[in-house]
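Novice: Listed below are the residues making up each chain.
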Amino acid sequence: MAVDSRFYDHIGPISLAEIASLTGAKFEGDGDVLIQDVAASHSAGPSEVSYYEGSKAPTPSDVSPNAQACFVVEKFADALPPGVAPLIVPLPRYAHYVAAHSLIRYRNWFDTGPDDGAASIHESARVHSTAVIGAGAAIGDRTVVGPHAVIGPGVQVGRDCQIGANASVQSALVGNSVKIYSGARIGESGFGVMPGPDGATDAPQFGRVILQDFVTVGANSCIDRGAFDDTILGEHTKIDNLCQIAHNVVVGRNVLMASFAGISGTVTIGDGVMLGGRVGIADHVVVGEGAQIAASAGVFREIPAGETWGGIPAKPLRQWMKEVAWLNRQIEVSKKK
Amino acid sequence: MAVDSRFYDHIGPISLAEIASLTGAKFEGDGDVLIQDVAASHSAGPSEVSYYEGSKAPTPSDVSPNAQACFVVEKFADALPPGVAPLIVPLPRYAHYVAAHSLIRYRNWFDTGPDDGAASIHESARVHSTAVIGAGAAIGDRTVVGPHAVIGPGVQVGRDCQIGANASVQSALVGNSVKIYSGARIGESGFGVMPGPDGATDAPQFGRVILQDFVTVGANSCIDRGAFDDTILGEHTKIDNLCQIAHNVVVGRNVLMASFAGISGTVTIGDGVMLGGRVGIADHVVVGEGAQIAASAGVFREIPAGETWGGIPAKPLRQWMKEVAWLNRQIEVSKKK
Amino acid sequence: MAVDSRFYDHIGPISLAEIASLTGAKFEGDGDVLIQDVAASHSAGPSEVSYYEGSKAPTPSDVSPNAQACFVVEKFADALPPGVAPLIVPLPRYAHYVAAHSLIRYRNWFDTGPDDGAASIHESARVHSTAVIGAGAAIGDRTVVGPHAVIGPGVQVGRDCQIGANASVQSALVGNSVKIYSGARIGESGFGVMPGPDGATDAPQFGRVILQDFVTVGANSCIDRGAFDDTILGEHTKIDNLCQIAHNVVVGRNVLMASFAGISGTVTIGDGVMLGGRVGIADHVVVGEGAQIAASAGVFREIPAGETWGGIPAKPLRQWMKEVAWLNRQIEVSKKK
Chain U
1 MAVDSRFYDH IGPISLAEIA SLTGAKFEGD GDVLIQDVAA SHSAGPSEVS YYEGSKAPTP
61 SDVSPNAQAC FVVEKFADAL PPGVAPLIVP LPRYAHYVAA HSLIRYRNWF DTGPDDGAAS
121 IHESARVHST AVIGAGAAIG DRTVVGPHAV IGPGVQVGRD CQIGANASVQ SALVGNSVKI
181 YSGARIGESG FGVMPGPDGA TDAPQFGRVI LQDFVTVGAN SCIDRGAFDD TILGEHTKID
241 NLCQIAHNVV VGRNVLMASF AGISGTVTIG DGVMLGGRVG IADHVVVGEG AQIAASAGVF
301 REIPAGETWG GIPAKPLRQW MKEVAWLNRQ IEVSKKK
Chain R
1 MAVDSRFYDH IGPISLAEIA SLTGAKFEGD GDVLIQDVAA SHSAGPSEVS YYEGSKAPTP
61 SDVSPNAQAC FVVEKFADAL PPGVAPLIVP LPRYAHYVAA HSLIRYRNWF DTGPDDGAAS
121 IHESARVHST AVIGAGAAIG DRTVVGPHAV IGPGVQVGRD CQIGANASVQ SALVGNSVKI
181 YSGARIGESG FGVMPGPDGA TDAPQFGRVI LQDFVTVGAN SCIDRGAFDD TILGEHTKID
241 NLCQIAHNVV VGRNVLMASF AGISGTVTIG DGVMLGGRVG IADHVVVGEG AQIAASAGVF
301 REIPAGETWG GIPAKPLRQW MKEVAWLNRQ IEVSKKK
Chain G
1 MAVDSRFYDH IGPISLAEIA SLTGAKFEGD GDVLIQDVAA SHSAGPSEVS YYEGSKAPTP
61 SDVSPNAQAC FVVEKFADAL PPGVAPLIVP LPRYAHYVAA HSLIRYRNWF DTGPDDGAAS
121 IHESARVHST AVIGAGAAIG DRTVVGPHAV IGPGVQVGRD CQIGANASVQ SALVGNSVKI
181 YSGARIGESG FGVMPGPDGA TDAPQFGRVI LQDFVTVGAN SCIDRGAFDD TILGEHTKID
241 NLCQIAHNVV VGRNVLMASF AGISGTVTIG DGVMLGGRVG IADHVVVGEG AQIAASAGVF
301 REIPAGETWG GIPAKPLRQW MKEVAWLNRQ IEVSKKK
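Chains as they are written, first to last, in our numbering: chain U, 1 to 337; chain R, 1 to 337; chain G, 1 to 337.
Treat the hints with care, since some could be wrong.
Same chains, same names: a pair is fine if it fits in one copy or spans any two.
25 Å max Cα-Cα, derived SDA-like pairs, lysine to any residue [what the hints assert, rightly or not]:
(1) K75 / D62
(2) K56 / V98
(3) K56 / Q292
(4) K322 / H284
(5) K322 / E302
(6) K26 / P65
(7) K26 / P46
(8) K56 / Q319
(9) K56 / T308
(10) K75 / G24
(11) K56 / E332
What the hints contain is simulated information worked out from the structure, not anything from laboratory work.
What you are looking at is a predicted structure, and each value in this text was computed from that prediction instead of being measured.
Required output: the full structure, derived from the provided sequences and hints.
Specialist: In structure tokens:
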């Protein structure tokens, strides 16, 4: 995995034997191979370690044959592609997390690397004296940063942007003419929880947030960074206040989301989609281009392009409206009896 | 329009000919007339420019006959009141926004006007050393402002108020004994999105927020300023955490809103209304005095005074409860078959 | 009531006669008795004053016989346990609040007591230079506090914690390895509104927030402190962004809540419960251990341990799914007619 070195430091490599030792993994083979990085199982490459945690034996598309090693439960160890060294553990994802701690370090406010220079702030930018700009961050021409805003280490903000008061931005690449209103939270760690030996454990999140040109993010809205990949909002997409966009969500261009939109992990939303207030979308759902979703809807499955849906669970709007009207009539009829 | 000069600077006037040139409008008549201000179409007056963007020809109540000029699409140009100069463009609202940029400037942290003195802070007020108070703002007797709070330029805060940590207030007039809890966002730009030539574009918001005496706003709640008019919360109205109140909403006195209330633009809520948790109300809806709305309801139409409603879409509570019970019985019956 | 002296100062005692005078209460008996504290009616003890505001006469379990005095409406005065002095007023809860103001003072940023020393920050902790740490607060080993974070007076934060940018924590005891992401609000005053003589009035909140080890709280989430008791989150419980947890809620261990969870006052949630996105739970509801609640559900009554529920109002998931499918079929049938 190519973690972005502006946000993460590689602190390895360490040998496969050491990784096995750190994680208590059963392991056979060449322990001297050096591991540099962690990766998702489908995309891992040489000198990278991944994990497999499905409930069925992995298929060829589940685990990249190029991975150096893969944490896996004992019963699936033989199902890994040849050449991928199995690291046998009871909790593969947790072991991967433990290994990650020895390979990658999130660059926070205190762990500045040797190459981190001062932030680069264009002379025409206007940054309030109380704003905090991290090492290695860049602020473009004419961009305005409000009081008590926090721009994390390495964050790149383009030209003509507005960052509101008390907003925070980390692990993010921000285009031009982007507005981030007060109190918005860009680039926090997403909600990925896994079983650990002592209880629920936060899975580490290694990705970024990409906000393309002319995106607007409302006050107190949250856009989490990706887990391995990125969370992306396309050009001219407009997000109202108090919305939540989880890790790995990909939103197209000119998408409008009213307040309390809740977009779960790995959702894909096509160009021009419109969401009414407090629409929730379950994880991995795809919403096709130009679809419209009525306020209060709870979306649990794919919405085809151009359709209008509503209700909980969401369905085509006409169907929902008919059901609402029909149910209403049944009760009116029984009142008359 | 009388924008509040505490929050906005007039930077015009400019001639009608210049406005036509800036916006690419087709225009006939006296180009030397000076325009001072932008306004909503129904209330525009002399030396003000408005826009009309309905899908039908404007009626007399849609466009004020006193407006100096009005952006309009070609087919409706002849339907404007006599005396209102048509500025013919394909995107009237967008053109109006472009014109507004040359007439009105939002007073941010950096554009302080020549008359902006220091903030006026009463000697009995207690303002944390890390709070930021903008030019021309006023803080009343015994009011407490917490750490990292941000009070924008020109904001007026009355006596005996509490402003929580990391809260921000802009474009607002705040009465006495008002509490704004930590992280609340008062006076942000509302969610008004219009089509522009290159994609979705934020409509400018020129209004204010008015919080009357004894209002309480919960942590991380958001109350947007009005578009042309004001967003108003009446005396003793109490808002829980994480609520959203959009532009131009008018809330009466003694209204209670539990968490996640989502009040869309231009909603009117009467005195004494009670909203359960996460109630959503669609834009332009009127909720009558003393109405009660059950938790989770999604309100799409007017609720008469004194009634109790629930469900999505919301309906009188008794009707909703009967529908829920009846539907439940149908399934139980079919289980027995 | 034993208010925590790290967060509240006792500023009494005052005599019962003075309390009667302050609140306009009718009162007979020994006016010289000293009152030290306010308390909830079921748990009040000697030298404490409580209130009773039920619509029926109090039963023995409603009012502790050990209370020194109790605000009560006239018609229920004789129903108090013998030995509890009745303070007769039209609005008992409001009178209790007035009395509380003379007995207890919330320790804010400016009212530091004589014993408040500087904050105690472990030498291995890393606190950003812009963070604000209140008097008497403690920050444990290796804990990281981000820019513009605010840790209130007396707050105790354990070892290996992370406090995000612009987050605020007050009236809270925070265990070890707890993460509080950016913009989260811990320990705000809960939403307790009571009638006062001039309109809706905020009831004072005297409790705390307890976050046990390995709790994670997402960005911009809010966890209110208890009214008289505490709000508690058990070990390894993980809360996503933009969640609301009201006063007196008790959450077990290893509970997962996705975004927009709205947990109303005095709810109890058992160990291992899982909440999908934007689940709302009405006040006083009990959710049994290991229950699972589908996204968008609105829970109005108890959920037994181990069950899976969904819908608004929530019911067992199978029942809800059947209803959804059956209703859908009715409409399809009538389409064919």
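Novice: With reference to the structure, classify each hint as holding or not holding.
Specialist: Outcome of the hint check:
no.: 1; hint: K75 / D62; in the structure: within (16 Å within a copy, 58 Å between copies)
no.: 2; hint: K56 / V98; in the structure: within (24 Å within a copy, 58 Å between copies)
no.: 3; hint: K56 / Q292; in the structure: between (36 Å within a copy, 23 Å between copies)
no.: 4; hint: K322 / H284; in the structure: between (28 Å within a copy, 24 Å between copies)
no.: 5; hint: K322 / E302; in the structure: both (21 Å within a copy, 20 Å between copies)
no.: 6; hint: K26 / P65; in the structure: within (20 Å within a copy, 64 Å between copies)
no.: 7; hint: K26 / P46; in the structure: within (20 Å within a copy, 63 Å between copies)
no.: 8; hint: K56 / Q319; in the structure: neither (37 Å within a copy, 29 Å between copies)
no.: 9; hint: K56 / T308; in the structure: between (36 Å within a copy, 24 Å between copies)
no.: 10; hint: K75 / G24; in the structure: within (17 Å within a copy, 70 Å between copies)
no.: 11; hint: K56 / E332; in the structure: neither (51 Å within a copy, 36 Å between copies)
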